[in-house]
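Asker: Dock chain D against chain Y, hints included.
For the protein sequence lines, the chains are Y and D, in the order given. Residues 1 to 214 in this note's numbering are what the first sequence lists, from first letter to last. Residues 1 to 214 in this note's numbering are what the second sequence lists, from first letter to last.
Rather than coming from a laboratory, the hints here were simulated on the basis of the structure. Hints may be right or wrong, so weigh each one.
DSSO-like, lysine-lysine: derived pairs with alpha carbons at most 30 Å apart [as the list claims (entries may be wrong)]: (1) 22(D) - 77(D); (2) 22(Y) - 2(Y); (3) 2(D) - 77(D); (4) 2(Y) - 77(Y); (5) 2(D) - 22(D); (6) 77(D) - 22(Y); (7) 22(Y) - 77(Y); (8) 77(Y) - 77(D); (9) 77(Y) - 22(D).
Chain by chain, the residues:
Protein chains: 2
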Amino acid sequence: MKLFSYWRSSAAWRVRIALSWKGIPHGTVPVHLIRAGGQQHSESYHEVNPQQRVPALEDEGRVYAQSLAIIEYLEEKHPEPPLLPVDFAGRAIVRQMALLVACEIHPLQNLAVLNYLRGPLAQGDGPVAEWVRHWIGQGFTALEELARRHGDGTRYLHGGAVSMADLCLVPMMYNARRHHLDIRPFPALAAIDAHLVTLPAFSTTRPEAQADAE
Amino acid sequence: MKLFSYWRSSAAWRVRIALSWKGIPHGTVPVHLIRAGGQQHSESYHEVNPQQRVPALEDEGRVYAQSLAIIEYLEEKHPEPPLLPVDFAGRAIVRQMALLVACEIHPLQNLAVLNYLRGPLAQGDGPVAEWVRHWIGQGFTALEELARRHGDGTRYLHGGAVSMADLCLVPMMYNARRHHLDIRPFPALAAIDAHLVTLPAFSTTRPEAQADAE
Chain Y
1 MKLFSYWRSS
11 AAWRVRIALS
21 WKGIPHGTVP
31 VHLIRAGGQQ
41 HSESYHEVNP
51 QQRVPALEDE
61 GRVYAQSLAI
71 IEYLEEKHPE
81 PPLLPVDFAG
91 RAIVRQMALL
101 VACEIHPLQN
111 LAVLNYLRGP
121 LAQGDGPVAE
131 WVRHWIGQGF
141 TALEELARRH
151 GDGTRYLHGG
161 AVSMADLCLV
171 PMMYNARRHH
181 LDIRPFPALA
191 AIDAHLVTLP
201 AFSTTRPEAQ
211 ADAE
Chain D
1 MKLFSYWRSS
11 AAWRVRIALS
21 WKGIPHGTVP
31 VHLIRAGGQQ
41 HSESYHEVNP
51 QQRVPALEDE
61 GRVYAQSLAI
71 IEYLEEKHPE
81 PPLLPVDFAG
91 RAIVRQMALL
101 VACEIHPLQN
111 LAVLNYLRGP
121 LAQGDGPVAE
131 WVRHWIGQGF
141 TALEELARRH
151 GDGTRYLHGG
161 AVSMADLCLV
171 PMMYNARRHH
181 LDIRPFPALA
191 AIDAHLVTLP
201 AFSTTRPEAQ
211 ADAE
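If we strip away everything but chain Y, and leave its shape as in the complex, we get (with noise of 0.2 Å):
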């Protein structure tokens, strides 16, 4: 398997944990988002993934992308160690608080679309960094309740085990933080983001850890 990746993106270091946590053997391609113009645009990556960004995963001469489905397929291709629970409710929970991640708060804080609020709608860096922290407290304000409800509110966002859901809170929370976001009223979250980011998985794939990090 090959990993199209950057290092501080967060959606590639979902998948990035995912491959950790099971184990699976890959290499890893940089693709460089911001360089030349971002290397996501060129020809040859079009041809990757056309919707040009990353992560994509290249594995017996096909290539997937989005995150999610990149970790739903290594999950059915290499189910132990799992990232689902067994239940179908809790499969039903845990990816409703990987989608609130994923689906709520990721898209309106990614490259494109930060470029778009500054340049086409002409928003200075407050406005813009605002605008980020606006959509960080709003999902994990439903995300901090989510896992009150599910999990014990300490080691894991749902159950007693890693889920699917906190590969997508930790990088979250790194970007959290990047952006100033006040994490006071996310206690469990904290406590959660805490204790998963003490496990190799979670630890050896973060964005500095990356060979191309900067």
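Answerer: Relative to chain Y, chain D alone:
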């Protein structure tokens, strides 16, 4: 089962199609997203979904949110007729296409985001409409190419059967037209949409056919 829905919500429409496609009996509870500041912000709905959005599905005393998490739940609990292919590769591509719509297009046009653009960012109707069309157009450009790679380009987004990806396409095509996007650059998507809307699971669940339609 009980679906919390709003007639014009494209995420709710996806779930309505899934329930209809699988022939699952259910009740519908309309949640008016606009009237009186939005019923999704009420105390009683907060219990249902702390994220204060539709859709949500209640089943056996539990509630699930996030349309794709709900559809995966329905697929696991009621596998026939399927909304995912049987092979790992096909499932990954279908999920990639579904997530492309759910994570990259839809989050940028939901009600809360458009209100923020008009409010704190002080954008007028023109720039907001242009913003919506920009993100649908960018997402559709990638989806059009994926449809040509993985489908016949005339009836379904993937392979020769309805899938989870098609459930995301039709509501987004409806939104694209509502926002006056020129869809001529997307002939495959337009053809697939034209075919899908002839199927009862898609046509009977459309916004205008809902009891709460205005």
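Asker: Indicate, hint by hint, whether the structure satisfies it.
Answerer: Status of each hint after checking the structure:
Between residue 22(D) and residue 77(D) the CA atoms are separated by roughly 11 Å; this keeps the pair inside 30 Å, and the hint holds. Between residue 22(Y) and residue 2(Y) the alpha-carbon distance is near 15 Å, which keeps this suggested pair within the 30 Å criterion. Restraint check for residue 2(D) and residue 77(D): satisfied, since their Cα atoms lie roughly 15 Å apart, inside the 30 Å limit. Restraint check for residue 2(Y) and residue 77(Y): the C-alpha separation of about 15 Å stays at or below 30 Å, so the hint holds.
Distance restraint check for residue 2(D) and residue 22(D): the Cα-Cα separation of roughly 15 Å lies within the 30 Å cut-off, and the hinted pair is therefore satisfied. Note on residue 77(D) and residue 22(Y): the hinted pairing holds, with a Cα-Cα distance of about 26 Å set against a maximum of 30 Å. At roughly 11 Å between alpha-carbon atoms, residue 22(Y) and residue 77(Y) fall within 30 Å of each other, so this suggested pair holds. Distance check on the hinted pair: residue 77(Y) and residue 77(D) sit about 20 Å apart at the alpha-carbon level, within 30 Å; holds.
Taken as a hint, the residue 77(Y) and residue 22(D) pair is honoured in the structure, with Cα atoms around 26 Å apart against an allowance of 30 Å.
Checked against the numbered hints given earlier, the structure satisfies every one of them.
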